[in-house]
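Visitor: Sequence:
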Amino acid sequence: NDNLEAQTQALFDELFLRDGMPDCTLSEIANVNPTRTLSKGCIAKCYDMSCLPTRGCIPEGGEMKAYNGGVRFQNGDTLIARITPCLENGKAAYINILNDKEVAFGSTEYIVFSPVDTMPSSFYYFLIRSKKFRTFALQYMNGSSGRQRVSGDELAAFPLTKPSHEALSRFDMVAKPVLEQFKVASLEINRLNALQQLIIASISSR
1 NDNLEAQTQA
11 LFDELFLRDG
21 MPDCTLSEIA
31 NVNPTRTLSK
41 GCIAKCYDMS
51 CLPTRGCIPE
61 GGEMKAYNGG
71 VRFQNGDTLI
81 ARITPCLENG
91 KAAYINILND
101 KEVAFGSTEY
111 IVFSPVDTMP
121 SSFYYFLIRS
131 KKFRTFALQY
141 MNGSSGRQRV
151 SGDELAAFPL
161 TKPSHEALSR
171 FDMVAKPVLE
181 QFKVASLEIN
191 RLNALQQLII
201 ASISSR
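Going by full-length UniProt numbering, the sequence shown opens with residue 1, and the numbers climb by one from there.
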């Protein structure tokens, strides 16, 4: 999976981050911290900061709990940690493991990106994984030592060349099945882990 993601990342960088004159900002082609509805007290899937991977795109773990605040998100959203040292460590995720229209939640220290218009959702995950974006984000960290943060507004100002429909289509033809494959692999790992726990519990009860 690491090799597959690296190859897809290389394609993204080639198509969208080559040296050129920026003519737009991320805010023009992305929804930053979009509104997601989840009533207080509603039982929903929670992915806290410990669930976000530093490598790969699928959140690990997660639990059902009552919503009492935190960032909300749904399938197709990309999450990035905005606080030190989580941002430096690369904590981020692409959400595609929820049910249709299901809303989950997590740490208040996430920034969420979602598509506008016909933009493919895969674009944002590979953007935030790029070295260029990470370098930009780290430049805008502020706050006391050890508790620095970057804001959604600051990341929304990331300058880039507006991607063409042709380049987006070419990229998503590769990236979409890659992200789907990561989802399938993650679900299989979870299934095997659950089976292992069942076997261990069965042996222990004898």
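Calculated directly from the structure, the hints in this document are not laboratory data.
From a predicted model like this one, the values you see are computed outputs, not experimental measurements.
Watch out, some of these pointers could steer you wrong.
[To be verified] Pairs of lysine to any residue residues, derived as SDA-like cross-links and limited to a Cα-Cα distance of at most 25 Å, are as follows:
1. LYS45 / THR8
2. LYS131 / ASP2
3. LYS131 / THR8
4. LYS65 / THR108
5. LYS40 / PRO22
6. LYS176 / LYS65
7. LYS131 / GLU102
8. LYS176 / LEU160
9. LYS176 / ASP100
10. LYS45 / ILE29
11. LYS183 / LYS40
12. LYS45 / ASN31
Visitor: None of the hints should be skipped; say for each whether it holds.
Guide: Status of the hints after comparison with the structure:
A threshold of 25 Å between alpha carbons decides the hint, and for LYS45 with THR8 the separation of about 29 Å lies outside it, so the pair is violated. Distance restraint check for LYS131 and ASP2: the Cα-Cα separation of roughly 16 Å lies within the 25 Å cut-off, and the hinted pair is therefore satisfied. Using a Cα cut-off of 25 Å, the hinted pair LYS131 and THR8 holds, with the two alpha carbons roughly 14 Å apart. Distance hint between LYS65 and THR108 is fulfilled; the C-alpha atoms sit about 16 Å from each other, no more than 25 Å.
The hinted pair formed by LYS40 and PRO22 fails the criterion: a straight-line CA distance of about 41 Å is larger than 25 Å. For the given pair, LYS176 sits about 30 Å from LYS65 by alpha-carbon distance, which is inconsistent with the 25 Å threshold. With a C-alpha separation of about 31 Å, the suggested pairing of LYS131 with GLU102 is violated against the 25 Å cut-off. At roughly 22 Å between alpha-carbon atoms, LYS176 and LEU160 fall within 25 Å of each other, so this suggested pair holds.
For the hint pairing LYS176 with ASP100, the CA-to-CA distance comes to about 17 Å; that is within 25 Å, so the pair holds. This hinted pair does not check out: LYS45 and ILE29 have alpha carbons roughly 28 Å apart, beyond 25 Å. Among the hinted pairs, LYS183 with LYS40 is inconsistent with the structure: their alpha-carbon atoms are about 29 Å apart, more than 25 Å. At most 25 Å may separate the alpha-carbon atoms for a hinted pair to count; LYS45 and ASN31 meet this at roughly 22 Å.
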